[in-house]
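Asks: Here is what each chain is made of, one letter per residue.
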Amino acid sequence: MMQISDIERDAVAEIANIAVGRAAASLRQIVGNEVLLSVPSVDILTHDEASRVVAKPGNRSLIAVCQNFDGPFSGRALLIFPEANSLQLVRAILGQELPLEDIVDLEDEALAETGNIILNSFVATMANVFKRGLTMSLPTVLRGDGGQLFAGAAGEKELVLFLYINFEISQKEIRGYLALLMDIPSLEMLRTLVQDYLDTVSPKGAA
Amino acid sequence: MNSPTPDSSFTLASALDVIDAGVVVVDSARRIVLWNEWMVRKSGIEAKAALRRPIEEVFPGLRTDRLIQAVSDALAFDNSGFLSHTLHPALLPLRGSGGEPLLHNVRIRPMASNGGSYCLVQIDDVTEMIRRQAVLRDRQNARYRAVVDSAHDAIVTTDESGVIQWMNNAAQRQFLFDADEAVGQPIGLFVTNAAEWPSGREQNDATRRITETSGRRKDGSVLHMEVTTSRWSSDGRVFVTGILRDTTERKLAAEALKRLNEELEQKVEERTREREEALAKLFNAQKTESIGQLTGGLAHDFNNLLAAILGNLDLLRKRLPDDAKFRRLLDGAIHGAERGASLTSRLLAFARRQELKPKAVDVAALMSGMTELLERSLGSAIQIETRIPADLPAIHVDVNQLELALLNLAVNARDAMPFGGSLSISAACDTVADAGSVPELARGDYVRITVADTGVGMDETILAKAREPFFTTKGPGKGTGLGLSMVHGLAAQSGGALRLSSKAGQGTRVDLWLPRSAHQAKPESNAAQPSLKVVHPHCRILLVDDDALVRMGTVDMLEDLGHEVVEAGSAAEALTLLQAGAGLDMVITDQAMPGMRGTELAAQIGQKYPGLPIILATGYAELPNEDDPGLPRLSKPFRQEDIAKIIDVVLQRDDRGAKVVALRR
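Residue numbers (the numbering used here), protein chains in the order written: chain A, 1 to 207; chain B, 1001 to 1665.
Source of the hints: derived by calculation from the structure; they are not laboratory data. What you are looking at is a predicted structure, and each value in this text was computed from that prediction instead of being measured. Ideal Cβ placement from N, Cα and C applies to all residues, glycine included. Check before you lean on any hint, since a few could be wrong.
[To be verified] Stretches of chain A that chain B covers, calculated by requiring three or more beta carbons in the stretch to come under 8 Å of a beta carbon on chain B:
| hint | segment |
| --- | --- |
| 1 | 23 to 36 |
| 2 | 102 to 114 |
| 3 | 133 to 147 |
[As the list claims (entries may be wrong)] A short list of chain A residues far from chain B (calculated; beta carbon distances all over 10 Å):
| hint | residue |
| --- | --- |
| 4 | Arg91 |
| 5 | Asn120 |
| 6 | Tyr164 |
| 7 | Glu188 |
| 8 | Leu198 |
| 9 | Thr200 |
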């Protein structure tokens, strides 16, 4: 199993925090209220491990916004919420007063755009930092348990760059996960790019 | 943009012009290079006006830079973007054929063409789709809504984390919150203990039974509720719907009912106790009454017997030779009969049938007169304290009986203090303002005489029995058990009351209330009554008594006094004799006789033979006071000297009253 060094982990977390900061600015415009996003930790996990993490505690049914990315490293980016949190998130974004039926109707689209903003921001920030372009597809909304969400063509060989993401919208805290599903060559490429980035930031630093 | 195709009659632009979506392409400088017919129709901006101008100039009134940002990201980073009408209502100024605003989503994709970077902006009209969804939903929900919104109980739906998603009209009325204030808030807004609200994550216990809980309204007031909740899921999402029935009124009513029941129970208990007490009192009163009647009757017969015995013994003494031995025997017999008479007198006192001669009595004077007697009776081991205020008003009571009563109480106290102690006798004024404050006492002014000792006292059982006749704690032969009964009888007969209070080991206190007299006590005249001149005129006397034995004894006594006696065994017989003109000077009649009583006889005689002196012989106070005809009385048992004295009094009175009596001299 691939290991990620502490410094690489810190670098990814830093890039992620820059990205979500940018996304938060976009969301703030939409919500018209304070939006804070943070990424407290980063990990590389297998599908199974990632499934277990998102499945607890009692989050059997999940909802995810999915976008494919293609470039020097390729894969799928997922923004994942337990279903209950997703409804909270949508309500926080759309406003408290909307009736339940409307929220349910609007949920997918609102979530798709919110995910799109965050995922685009994340990938765009990486592209910016690594000076490499990444093509992002349009977002789609998926539902299912952890296993179903992480199932991909590459199957077992895929690994997950797994980030915890905290939303704080209008004094509401909502917890979600950001997962980048990549095969090993892509992940190796990402590590190389991270390493290059670290070299440019601090030439003496070693991994 | 006119890309040639293999078929020159076909252009891509013409295809784009008929597509049912807005298609706009911008170049790397965000200048519009394609603007299809749909855009012309919906935005009202001609292609000429749009082409070659930056998109932000074509849409100058954008409320957000999100579109521009997304286009820039697509151009710079190859990102695809999605803008939803849900987050950006009326993003672009697009209108339908009727002029209505279009609901639209925007998709942005990077594209490359001939080595240049472009961005495709696709606009989809979702107005009809959203409208159809709404109609469908309304149709689905109409019946449900009708039921739920007309429900009397509050119905609230939360998501699985307990955030309020929806509520009916009743809930708005019940909690005083508008839907838009409550939706999005945790269920704790309504339910005081939000932990009782089931979490959607619970796998078991899908439907909760009714739980009672409290809730709060917007104004802070608390209400009681019965809550039923159930979990349900829709599109893989779990919700909890609860019916929250306001039971405040019912609960208050139930509490009031419970309180009322408790009070009722308490009242029933009180009444039962009162009734039991009343029954016990009645039973005791009836018992006392029965014993009284029995003893009264017995005493009456005894008195007659004693009268006969004493009378005969007196006569015997006169006739027996003067022999010391005879005299001793005779004195013994007389003494015994006298003791018997004293006992009957006490029995009568208890039976409240004694003849009371109440008058104004000065308690202080009475006590000072009794001191010597008490000291002698109690012995030196017992200290006597008397506290009688000098200005104590007089009381209305039979002085001899009161003296006896105090003596009885003192003797009881002595017996309770075998090793000595102190006895206090005090008196004070006591006004009873409310009937019932002292049981048995009517409203009025009283003097309370208190006799308290430092003796062994009585426990509750003995105290309860103390007033019963014949009850005694003294050994056999040492007490008659009539002492306290006598005091009680006196109090009751005099219009007063008696109260005993005692605790084992703490002495006994007796309170005796007696009514205040309307008059001042007259000092007891020490001067001897002017002695009657004892003359023994020879009289012819009609003696009426149903008891042959008594009659016989009385006849002997009268004859011994030198009178002539005509006997009658009944009132009727007496009247016959009178009618026959027996030439009588005087009538002595017994009161208690079968048929006509003594007083009735006296009344008839008084009518037919006015002026004929009548002496009434009574064993006890059979005469209700109001019936007292004022006749001279001879108390049974009487001795010869008693009879002699009363005859003298009657004859002298007649002389003084100058009443002409047909006396045969």
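Asks: Now, for every hint given, state plainly whether the structure supports it.
Replies: Consistency of the hints with the structure:
1. 23 to 36: holds (count 3)
2. 102 to 114: Result for this restraint: holds, n = 9.
3. 133 to 147: It holds, with 8 qualifying residues against the three required.
4. Arg91: Per Cβ check, Arg91/A is inside 10 Å of chain B; nearest 6 Å; violated.
5. Asn120: Asn120/A not clear of chain B: closest Cβ-Cβ about 4 Å, inside 10 Å.
6. Tyr164: holds, 19 Å
7. Glu188: holds, 22 Å
8. Leu198: Non-interface label on Leu198/A holds, nearest chain B Cβ at 22 Å vs cutoff 10 Å.
9. Thr200: holds, 19 Å
The earlier numbered hints that this structure contradicts are 4 and 5.
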